[in-house]
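**Q** Residues per chain are reported as follows:
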Amino acid sequence: MEKNMDLKKIEQKVYRESIRDGLAEIFWGITFIAATGYFLIRGFSIFMILLVLVFVPIMRKKLKKRYVYPRTGYAKLREDDLKEIAGILLYMAVIVAVMATAFFFACDDPTNPDLWLKWSPAFFGAMLTGAYLDIGRRSGNRWYYGITVLALVSGVILSVPEFASPKTGIIVYLPFMGTVLMLTGSVLFRRFLKNNPVAEEASNDV
Amino acid sequence: MSKEEDLQPLADIDRIIHEPARLSIMAHLYVVESADFLFLIRQTGLTSGNLSSHLSKLEVASYVKIKKEFVEKKPHTMLSLTEEGRTAFREYVERMKHIFEDLAE
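Residue numbers (the working numbering), protein chains in the order written: chain A, 1 to 206; chain B, 1 to 105.
Chain B extracted, bound-state conformation (with noise of 0.2 Å):
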């Protein structure tokens, strides 16, 4: 196998997605309908200026969406991952996994 070809898995991972804080508000939001801005930053352990910041990234990949709301006059932002999110998301898990199992043949 030439070298292009072993390094072929790993350049076609998704960066977006690999980013580990990224990747753990992909795996919340994957393992539920939807959930809101406060929800992840317990789940995360994030702050609410980078989780903000990732959020962004993930809304500009249209991986996410980010509906803003106010609930007794304060604002509430409710987040969930689009179809293109979850395709996204189990294709870098099945992807990593392959890796994964390369790696230890």
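Just chain A, same shape as in the assembly (with noise of 0.2 Å):
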């Protein structure tokens, strides 16, 4: 039986364990993946992306009904989705602000398309970063903070040298970190299904 009755130990341990099936990173490594497109193929709509990332979560839902809440059971996280969302659209806000403010000091033309392009891998670096500390400190554990450091500094890195196309930083960032996510997902995925057979308790309901 639980020792430890520390509230805040209690509620990491409760948000861990609803994310250490990997399914959310495998989605977003699809998702990234699938935005690679729209700054590689012509004609490539944006609303491709926007479907996925409405069909993602529905999937995400069927897969955690299908193979974690059997294993694990279900728990409903308490969490203000207005809140999180405003959050969200905060921290892009300084993120871009913060982009805006750099580019008007060290560049003679703020507003230029390219240059936001060119610089697109440290933004979503940042915004992956905002994500997975928020993710890390929920749940308490560190190995959360790796991903947030790939991310950020890859970002950078493929933000930095001039190449021939200011598209061709984006166009390796997302598949890159695409495919990071994917595989971490699916190691984590794998893991929890072996190390979690479906409950017999479960049909021995109160």
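Don't take every hint at face value.
What the hints assert, rightly or not - When the alpha-carbon atoms are kept at most 27 Å apart in a straight line, the in silico DSSO-like pairs for lysine-lysine are as follows:
1. K65(A) to K74(B)
2. K9(A) to K65(B)
3. K65(B) to K13(A)
4. K74(B) to K61(A)
No lab work stands behind these hints: they were computed from the structure.
Take the two lone chains and join them into the complex the hints point to.
**A** Structure, rendered in structure tokens:
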């Protein structure tokens, strides 16, 4: 039985349980790889990415019902969705403001779209950094800080060089991070299935 | 301070929550909005019979709400703390903190 009655630790443990199946990483990986199509394929509509963004959470929910909940049970976490979305939008706005300020002081034309495109890997890196710092804090799992560092460092590294096309950095960054996330998620998911057989207790309900 | 006054904070402890298994159940339900039976088994380490028995006591005390439903023709039980249960748990935690603080002095 639970010996440690530290509520913060219990909350972190519950949150960690909810994400340890790796499905979130797999689906973020798919989204990142799909997003590459927007920069790589002529005529690739942004609606395709939106479709992926709608389709992916539905698939994730179905897989959770099929593979995760019969093994670990289900808990609805206490989350304020609106607050969370507002937080993400505010964080995005801060990154854009920081980048705009940096461009204003460092470049002749901060409104140049090519400049923004060139630095988009750093932008995505900063977005992933925010997301994984939050996941790391909420789960108490330091492993997530590794992804944070990788996302930010690779984003900056791919933004600095002058490639022939300003798209090159983002065309390399998105599939790279997408593959890292998908591989990480696949390993986590496989380990989750192996370590958590379907519970017999599920049939002995209260 | 008289002996009765010394023991007063201990006497005020909510004994329904104070039992270790129920305390674990309450703590796990406190940090989520709701959870199912299997989740609580996994998290608390209690057997299904034990968990069921403690949940019944918490339900009688109006601390826990038990909602039974069928998912794909199988029984599925969702559990959550009532407002009364949340308040009682918060008060219990505060009371225990005070008791330990006083002990330290």
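**Q** Hint by hint, say whether it matches the structure.
**A** Going down the list of hints, with the structure as the test:
no. : hint             : verdict
1   : K65(A) to K74(B) : holds, 13 Å
2   : K9(A) to K65(B)  : holds, 24 Å
3   : K65(B) to K13(A) : holds, 23 Å
4   : K74(B) to K61(A) : holds, 19 Å
The structure agrees with every numbered hint stated previously.
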